[in-house]
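These protein sequence lines map, in sequence, to chains F and D. The opening residue of the first sequence carries number 1 in our numbering; numbering runs sequentially from there. The opening residue of the second sequence carries number 112 in our numbering; numbering runs sequentially from there.
Bear in mind the hints are in silico, worked out from the structure with no lab data behind them.
Below, in silico cross-link-like pairs of lysine-lysine (DSS-like), each with a Cα-Cα straight-line distance of 27 Å or less: (1) F:K69 with D:K155; (2) D:K168 with D:K120; (3) D:K155 with F:K3; (4) D:K168 with D:K215; (5) D:K207 with F:K69; (6) D:K215 with F:K3; (7) D:K215 with F:K69; (8) D:K125 with D:K155.
Which chain F residues face chain D? A few, computed with CB under 7 Å, are given here: (9) G43; (10) P44; (11) Y46; (12) G102; (13) S103; (14) G104.
Just so you know, even glycine gets a beta-carbon here, dropped at the ideal spot from N, CA and C.
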Amino acid sequence: DAKTTQPNSMESNEEEPVHLPCNHSTISGTDYIHWYRQLPSQGPEYVIHGLTSNVNNRMASLAIAEDRKSSTLILHRATLRDAAVYYCILRDRAGRRALTFGSGTRLQVQP
Amino acid sequence: NAGVTQTPKFRILKIGQSMTLQCTQDMNHNYMYWYRQDPGMGLKLIYYSVGAGITDKGEVPNGYNVSRSTTEDFPLRLELAAPSQTSVYFCASSQKGRGGTNEKLFFGSGTQLSVL
Numbered sequence: 001d002a003k004t005t006q007p008n009s010m011e012s013n014e015e016e017p018v019h020l021p022c023n024h025s026t027i028s029g030t031d032y033i034h035w036y037r038q039l040p041s042q043g044p045e046y047v048i049h050g051l052t053s054n055v056n057n058r059m060a061s062l063a064i065a066e067d068r069k070s071s072t073l074i075l076h077r078a079t080l081r082d083a084a085v086y087y088c089i090l091r092d093r094a095g096r097r098a099l100t101f102g103s104g105t106r107l108q109v110q111p
Numbered sequence: 112n113a114g115v116t117q118t119p120k121f122r123i124l125k126i127g128q129s130m131t132l133q134c135t136q137d138m139n140h141n142y143m144y145w146y147r148q149d150p151g152m153g154l155k156l157i158y159y160s161v162g163a164g165i166t167d168k169g170e171v172p173n174g175y176n177v178s179r180s181t182t183e184d185f186p187l188r189l190e191l192a193a194p195s196q197t198s199v200y201f202c203a204s205s206q207k208g209r210g211g212t213n214e215k216l217f218f219g220s221g222t223q224l225s226v227l
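Generate coordinates for the entire structure from the input sequences, incorporating the hints supplied.
Take a look at the structure:
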């Protein structure tokens, strides 16, 4: 199965941009890159996903390296409510349809 | 719009007891999943289903059983509860995307289970 590597934790200041990195050097050509976040005491929630091109939505932007071996989730202006664990996820092995979560990056946002 | 609903929210079991965690979704999603999350850890996939009547094992299926008789419901059964099954359990659903890929998962609020 393709794996992802993320830093265990990161800190940011409120209203500053945050760049959350993810390495996925064994990604296959058809794997989508998904990002989810989990607020304290809640289930994970979808943030964004992409295949090759950079993607934007109201929550964040996803920048995907040209070789697709890494990606970066960008929060343009961090708020205190963005403090959460962020998961970078690839599809499970080819042919399966379930997402496998790693341990993620715990983002702390300072006021 | 209810989304994914899990019951109960909390439960304490004695070793060897059995129980069923209920999960229902009202979005007509094909795919449903059960994950468990141990303290301070990420989520691990227990079982998943791509449609009514079809289920498959995930990373950690031992000690659990599932069934999918309807599109809406995906109950998780613990037959002989063990302390190692103390965890938070999340149910999720998603709709099939283009080319067979999943699109976004919707999660329930979780069931906190303690086995003593």
